[in-house]
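Participant: Start from the sequences, fold in the hints, and give me the full structure.
In this text, residue positions in the sequence shown follow the working numbering: the first is 5, and each later residue adds one.
Hints in this document: simulated from the structure, not taken from any laboratory. For glycine and all other residues, C-beta sits at the position ideal for the given N, C-alpha and C. Hints are not guaranteed to be accurate.
Taking CB as the label site, the calculated pair distances span [claimed, not checked]: (1) Gly39 to Ala213: 39 to 49 Å; (2) Asp135 to Gly174: 27 to 37 Å; (3) Ala212 to Asp190: 15 to 25 Å; (4) Ser288 to Ala213: 33 to 43 Å; (5) His8 to Asp190: 28 to 38 Å; (6) Gly214 to Asp150: 27 to 37 Å; (7) Asp189 to Trp237: 16 to 26 Å; (8) Ser204 to Asp135: 41 to 51 Å; (9) Ala222 to Ala68: 21 to 31 Å.
Simulated crosslink set (DMTMM-like; lysine to aspartate or glutamate; CA at most 20 Å straight-line) [to be verified]: (10) Lys47 to Glu105; (11) Lys47 to Glu208; (12) Lys61 to Glu50; (13) Lys270 to Asp164; (14) Lys270 to Glu205; (15) Lys270 to Glu105; (16) Lys270 to Asp150; (17) Lys270 to Glu206; (18) Lys270 to Asp170; (19) Lys61 to Glu48; (20) Lys270 to Glu147; (21) Lys47 to Asp28; (22) Lys61 to Asp49.
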Amino acid sequence: MVIHRRTIARPVALQGPALFTGLDASMSVLPAPAGTGIVLRTKEDEAPATIAHLSDKPVHPAFAGRRPRCTTLAVGTHTVAMTEHALGALAGLGITDAIIETRAPELPIDDGSAGTLTAEILSAGVTILDDTIEPIRLREPIEFSDADAVITAEPFDGIDYAYHLDYGQGSPIPAATARWTGDADDFARSIAPARTFSTSEEAEQARAAGLFARFTPADLLVIGPGGPIDNAWRFADEPARHKLLDLIGDLALLARPLYARVRAHKSGHADTHALCRLVLRSLSNK
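Facilitator: Here is the structure:
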């Protein structure tokens with residue numbers, strides 16, 4: 005099947021506080037010619053949003069020496085954090101060429117989902133370009149595991165991504181599996197609106213470390229023993245759907261659609277980043 009490259013028909017913008025830094029942040033998504041790819045642009049520089057430009061700089065001092073809580077990209081001498089939701093929105097809608105422009109070190113969190121940005125892009129319109137893009141096709145299965153986190157990619161003629169979330173017995177976060185097979189309408193309806201989340205214990209620890217000062221549980225999804233605090237589920241399996249959104253956004257760092265059956269179990273950003281590197285290594289060994 006031929007995949008045509010796509011861009012956004014006109015610019016869209018999003019602004020609001022950033023999750024980890026708490027700074028006022030804004031971003032724009034701009035149309036781009038075929039072959040541009042997804043580019044992250046700051047005031048001083050720009051860089052492709054690819055795994056080669058991944059940064060291990062922690063978004064906040066509280067995360068120094070810990071696994072990344074978001075996907076941060078290096079742009080010249082600067083970094084931009086929390087890119088995965090914007091990348092997920094673009095990938096979920098099949099957009100291959102666009103410029104994400106910001107002057108902030110972290111993209112705005114909005115309500116913790118990609119729903120608003122996805123709706124703005126759909127309202128602006130998607131332009132189908134004449135050029136085509138070749139998806140990544142695997143020759144053999146690839147697996148990355150770390151402790152109890154496992155993520156695999158198997159050869160498949162299309163997109164079939166699934167995330168299985170399970171925090172164990174007694175967790176207020178329900179175990180569930182969310183799946184996406186590449187349909188843009190399904191992404192916009194069922195995945196983009198799913199919000200980032202934390203348990204009440206995690207939220208209290210974060211506040212003690214100086215994080216989330218600008219947010220309350222009514223703004224973002226905080227889950228207590230009885231479920232969401234001052235909030236409500238958008239989907240019964242919303243946490244699993246949000247993890248799938250993160251997975252889609254992180255796989256977008258491959259810069260081409262990954263045609264594969266991907267299964268992620270208890271994995272996070274670092275695990276998907278590692279899988280991306282293994283995928284690219286397998287291509288270079290052909």
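Participant: Next, verify each hint and record whether it holds.
Facilitator: Evaluation of the provided hints:
1. Gly39 to Ala213: 39 to 49 Å: Between glycine 39 and alanine 213, where Cβ atoms are some 43 Å apart, the hint holds.
2. Asp135 to Gly174: 27 to 37 Å: violated (52 Å)
3. Ala212 to Asp190: 15 to 25 Å: violated (39 Å)
4. Ser288 to Ala213: 33 to 43 Å: At roughly 40 Å between Cβ atoms, alanine 213 and serine 288 fall inside 33 to 43 Å, so the hint holds.
5. His8 to Asp190: 28 to 38 Å: Given about 19 Å between the Cβ atoms, the range is violated.
6. Gly214 to Asp150: 27 to 37 Å: holds (28 Å)
7. Asp189 to Trp237: 16 to 26 Å: holds (22 Å)
8. Ser204 to Asp135: 41 to 51 Å: holds (49 Å)
9. Ala222 to Ala68: 21 to 31 Å: holds (30 Å)
10. Lys47 to Glu105: Since the Cα atoms of lysine 47 and glutamate 105 sit roughly 8 Å apart, the hinted pair holds (cutoff 20 Å).
11. Lys47 to Glu208: It is violated: about 35 Å lies between the C-alpha atoms, which goes past 20 Å.
12. Lys61 to Glu50: OK: lysine 61 and glutamate 50 at ~18 Å, within 20 Å.
13. Lys270 to Asp164: Since the Cα atoms of lysine 270 and aspartate 164 sit roughly 17 Å apart, the hinted pair holds (cutoff 20 Å).
14. Lys270 to Glu205: holds (19 Å)
15. Lys270 to Glu105: Roughly 32 Å between the alpha carbons, so the hint for lysine 270 and glutamate 105 is violated.
16. Lys270 to Asp150: holds (10 Å)
17. Lys270 to Glu206: Holds. Lysine 270 to glutamate 206 sits at ~17 Å (cutoff 20 Å).
18. Lys270 to Asp170: The hint holds at about 7 Å.
19. Lys61 to Glu48: holds (19 Å)
20. Lys270 to Glu147: holds (14 Å)
21. Lys47 to Asp28: holds (16 Å)
22. Lys61 to Asp49: Satisfied, since the Cα-Cα distance of roughly 18 Å is no more than 20 Å.
The structure is inconsistent with the numbered hints 2, 3, 5, 11 and 15, although it conforms to all the rest.
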